[in-house]
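Residue numbers (the numbering used here), protein chains in the order written: chain A, 41 to 315; chain B, 237 to 382; chain C, 738 to 1061; chain D, 314 to 654.
Mixed in with the good hints, there may be bad ones.
Said to hold, decoys possible - Covered stretches of chain B (chain C as the covering partner; in silico rule of three or more C-beta atoms under 8 Å from a C-beta of chain C):
#, segment
1, 265-274
2, 315-323
3, 326-336
Unchecked claim - With the C-beta cut set under 7 Å, the calculated list includes, among others, these residues of chain D facing chain A:
#, residue
4, T375
5, E376
6, L378
7, F381
8, G385
9, S387
10, I391
11, C468
12, I566
13, D573
14, T600
15, A618
Just so you know, these hints were derived from the structure itself, not from any lab. No residue lacks a Cβ here, since even glycine has one placed at the ideal position from N, Cα and C.
One letter stands for each residue in the lines below.
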Amino acid sequence: MNSETLIPKIGVVTDIRIDTPDVRTFRVVGLDGKKAFEHMPGQCAMLSMPGVGEAMFSITSSPTNTEYMEFSIKKCGCLTDWLHAMEVGQQITIRGPYGNYFPVETDLKGQDLVFIAGGIGLAPLRSVINYVRAKRGNYGKLQVIYGSRSKEDLVDYQEILDEWMADEGVEVNLTIDREEEGWDGHVGFVPNYVKELEPDLKSKVLVCGPPIMIKFTLAGLKELGFTETQVYTTMELRMKCGVGKCGRCNIGNKYVCKDGPVFRFDQLDELPDEY
Amino acid sequence: MQNEMTTFKPKIVAFCCNWCSYAGADLAGTNRLTYPADVKIIRVPCSCRVNPMFILRAFQRGADGVIICGCHPGDCHYTTGNYYARRRMTLLFSMLDFLGIEKERTRVEWVSAAEGAKFAATMNDFVATVTKLGENKRLEDLRCKK
Amino acid sequence: MQEMMIAKARELLKSGAVQRVLGWKAGEFAYDVEPAVFESAQELEKSFVYNDFCGSNLSKYLIAQSRKEGKTLVFLKPCDTYSFSQLLAEHRIVRENVYAIGIPCQGKTDGETLKGKGFTGILSAQCEGDTFTVHTLYGDKTAARADVLPERCLNCKSKKHMIYDELLGEDGEVLDSHRFDMVEKLEKMTPDERFAFWRGELSRCIRCNACRNVCPACTCEKCVFDNDASGIAQKAAADSFEENMFHIIRAFHVAGRCTDCGECSRVCPQNIPLHLLNRKFIKDINELYGAYQAGEDPDAKSPLTDYTMNDAEPGIVYHRGGNQ
Amino acid sequence: MKQLSLEKLNDLFALIGQTEALYLPVDDAAGQAAYRRWQPGYTLSKALNTVRSAKDFFFPQTENLVDFKMQGKSIEVIDPRTEQENFVLFGVRACDARSFSILDKVFLADPVDTYYQSRREHGTIVTLACTRPEETCFCTVFGIDPAEPAGDVSCWIEENTLFMKANTPKGDALLTLAAPLLSEGGDDAVAAQQAATRSVLARLPLAKLSLDGMGGESMLKLFDSDKWAELSQACIGCGTCTFVCPTCQCYDIKDFNTGDGVRRFRCWDSCMYSDFTRMAHGNPRLTQRERFRQRFMHKLVYFPANNHGEYGCVGCGRCLSKCPVSMNIVKVAKALEGEVK
């Protein structure tokens, strides 16, 4: 890692994709046109526009993408408003990678994987899904259960249709909260859909989404017979330094930026309920 | 030293109310009355809109003097705005003086839409006063110094 | 007095007239008395105190306490009643949920003041008559009461309670204090001297926000200095400008509402005489717009939300006050 | 052991001040001690300790991290640091000296905070033994001996003599520099003073403060304790305890638009502040109870859980004397004692 960790590098935005009305995906490379740094799926980076703010975002592109990094960002505050308003060619600052990652080379290797995401929660999982798809032989069956408020709120919808659904051995189950015209797929909340689908009890589960969805999904998984040691999630708290020093993302004796953001639910059980 | 004094051009921020003083400034312009170009006018709906923080921010960002211009008392477009502004500014200026910050760097003048000449004269006088005082040193933010 | 207060509080708790008591709780030493809520007779017996160290003003706690179910009994010293009355005038306290008992006050000292007078290693302290006896690690020492009172009590403005439901002990009178003497002294200095004085004081500020958070007049749901969108949210005194601005604006925002309770100066860890800024505003208001004491008359209009046609022009500042 | 007559103390300061920046506690306008850069005419404060801790010298309240210049769509990143000068910190008490090793565990852990590291490398710490501890002192609870303070050089002042002992190569270098003024001897005088001080230490009211049961093992039990509501009820949510604390190290990173560019600086922050954890989607610590709990849980439970049982407190007593509502870590520890039994 860069020893001057608080001094960022310059990143150039080379492409902006409009995913949903409030989510855009930004493609970022370093000044030399190459990836600013290497990362593992689930890790994060600090993006910033000087004078506007700096915030932690999960890297949504897979490490197997050798050309650039991508960040899917929902518009919800000062910095993200600014990022949504910028144009291709804009320079921003970037530092990282920060945090741990999904244990794709250890615990998850050789396993059947179930990915459960809600809304923008797909962003950190997309990195893992594409990593696993690129190294298909190392993993078992893949199932993606993804829900959003409406069809237009489904992040990466085109990629899901064109690539994931086209892949053999990848089952994609989409759902939206309410009926709408032009949608003939499943309608209902993600936790209920998970219960209906009854994923294979042998698989490892990766969950990300709004806190309330995570809570009910976990409860549903337990009802189905999953144990907490099978389920992983990735967390988000306010962060400033990214290296476990500024104290902001401290929960119990852990720092989400350094010891997280990826936790297994049995690990979270040992921590104070403050997230 | 002498040279420095003569070349010093103060940066002045003038908060002008939309209804009287801004129009007064306009009139000064159309009548081709001159006042230093270093007076930067900020249009506000009413002199009452000027938050004390605006004045301090102006000093922080390098202003050497701040002047607030509004309608004459009794003529406020919103009936009473400038009466409130009058009390506020009096107390604020007195507080700045209490902290030892030169009181001549701040001023309130009532300028109507018809008083283009008064606007120009006021600005000329204020610029002269602040020029005499020199650079604002007591309410500056060193981070904003180039 | 303490016994009377406990008896009264116990009685009102027992009868169900009040659900909780806002008072002071004994600490580790004599002086570290903390504001506390008591909900039972046992708690009162165990740790309720009223002594010479109960300086903290409880009125601001009523903003939260009066929004709880049931009534809160609060003990208010004369100067606290000014804050209570002002907060009522600003509709910050639910009056019907408060039972206010006025209690007399002979001036309150605090650990910092004692330490400033050279008492170190304080284990306990008592006051009998006008003599303070302080037991320290290094022997017992005595001091005259007047010598260990902080400035705000030496220049007490009033021993009269402005508002109460019940009074324990005698009510006092509004006093003829010398509280503006120091402001006058500063006004007589030259601007250079004043600037040097305030730079010396304000440069010690660590921006802990204790002055703001303790102030009974600072009751905004969200302070402008905590609002990122305001562009002036600052957490640290990063530059002399920031310290100046924070304190000017803090004092300005409470001008006309500050009752001069002196809590800002009491809590300042750096002992900055912040009350002088508030008193300057009070003095100016008195001189320019007529005598006004916040918290005295709940129906009076605050001077900054009021005006007359013939108010002084801001230019008056050029002609009054200190030498130039 | 080296010694120097106190009459020559100013000569010593002048000698050190010639080659390095020398900071020492002097009395400020309000009669409290504060570290100032030495200049002729300054005298060493007699106060037990400074209001602000000595952490300022390694972790200043505000510090520029990086400057940005923006033009059109491009950004230029500028490291604003200039070469760090050597400095000597004189008169640090044993508690503050310990605090540096606590801060080291945070800032020197991987990845190293180079801003902090550079200051640590360039600073020489000269400690001064306490002789008149106050009732708020409880450093002994953390195994600190204020009669034998750590640091590069340890000092004792007894009667009219300053005794000095070097503990590290940096300390040796400083005493070598001061050698022309120093003479040998003083072991007996120092030992006598230490014995006297230690007898006072044993009588301190907080010397027997028990922290049994604190630490990682009882994390959830302490976190869920219902004492927190009562303990935090008086808290006004200011940052006094945090800012006077020698071990609090949370910081914020903010941008300041200078009109010419953007200056990114870090500044002390406090977990007691309402916006400390506020995010776009909400705040996990909504009331003062949670914020208050975080500060004390961090010092008494989380920090020791990560650092082999070492607490994030040195017992300097600053929060005891400075809290506006007289709430402090001692009251918290005592209230929680019953919870873990």
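Hint check:
1. 265-274: Our answer is that it is violated, as 0 residues pass the Cβ test (under 8 Å) against chain C, missing three.
2. 315-323: holds (count 5)
3. 326-336: With 11 residues close enough to chain C, the hint holds.
4. T375: Check failed: Cβ of T375 of chain D comes no nearer than 14 Å to chain A, outside 7 Å.
5. E376: violated, 10 Å
6. L378: Holds, because the Cβ-Cβ distance from L378 of chain D to chain A comes to roughly 5 Å (cut-off 7 Å).
7. F381: holds, 4 Å
8. G385: Violated, because the Cβ-Cβ distance from G385 of chain D to chain A comes to roughly 9 Å (cut-off 7 Å).
9. S387: With a minimum Cβ separation of about 5 Å from chain A (threshold 7 Å), the hint on S387 of chain D holds.
10. I391: The hint is violated - I391 of chain D has no Cβ within 7 Å of chain A, the shortest such distance being about 9 Å.
11. C468: C468 of chain D check fails; min Cβ-Cβ to chain A is 32 Å, beyond 7 Å.
12. I566: Holds, about 5 Å.
13. D573: violated, 12 Å
14. T600: violated, 12 Å
15. A618: With a minimum Cβ separation of about 4 Å from chain A (threshold 7 Å), the hint on A618 of chain D holds.
The structure fails to meet hints 1, 4, 5, 8, 10, 11, 13 and 14 from the earlier list, while all remaining hints are met.
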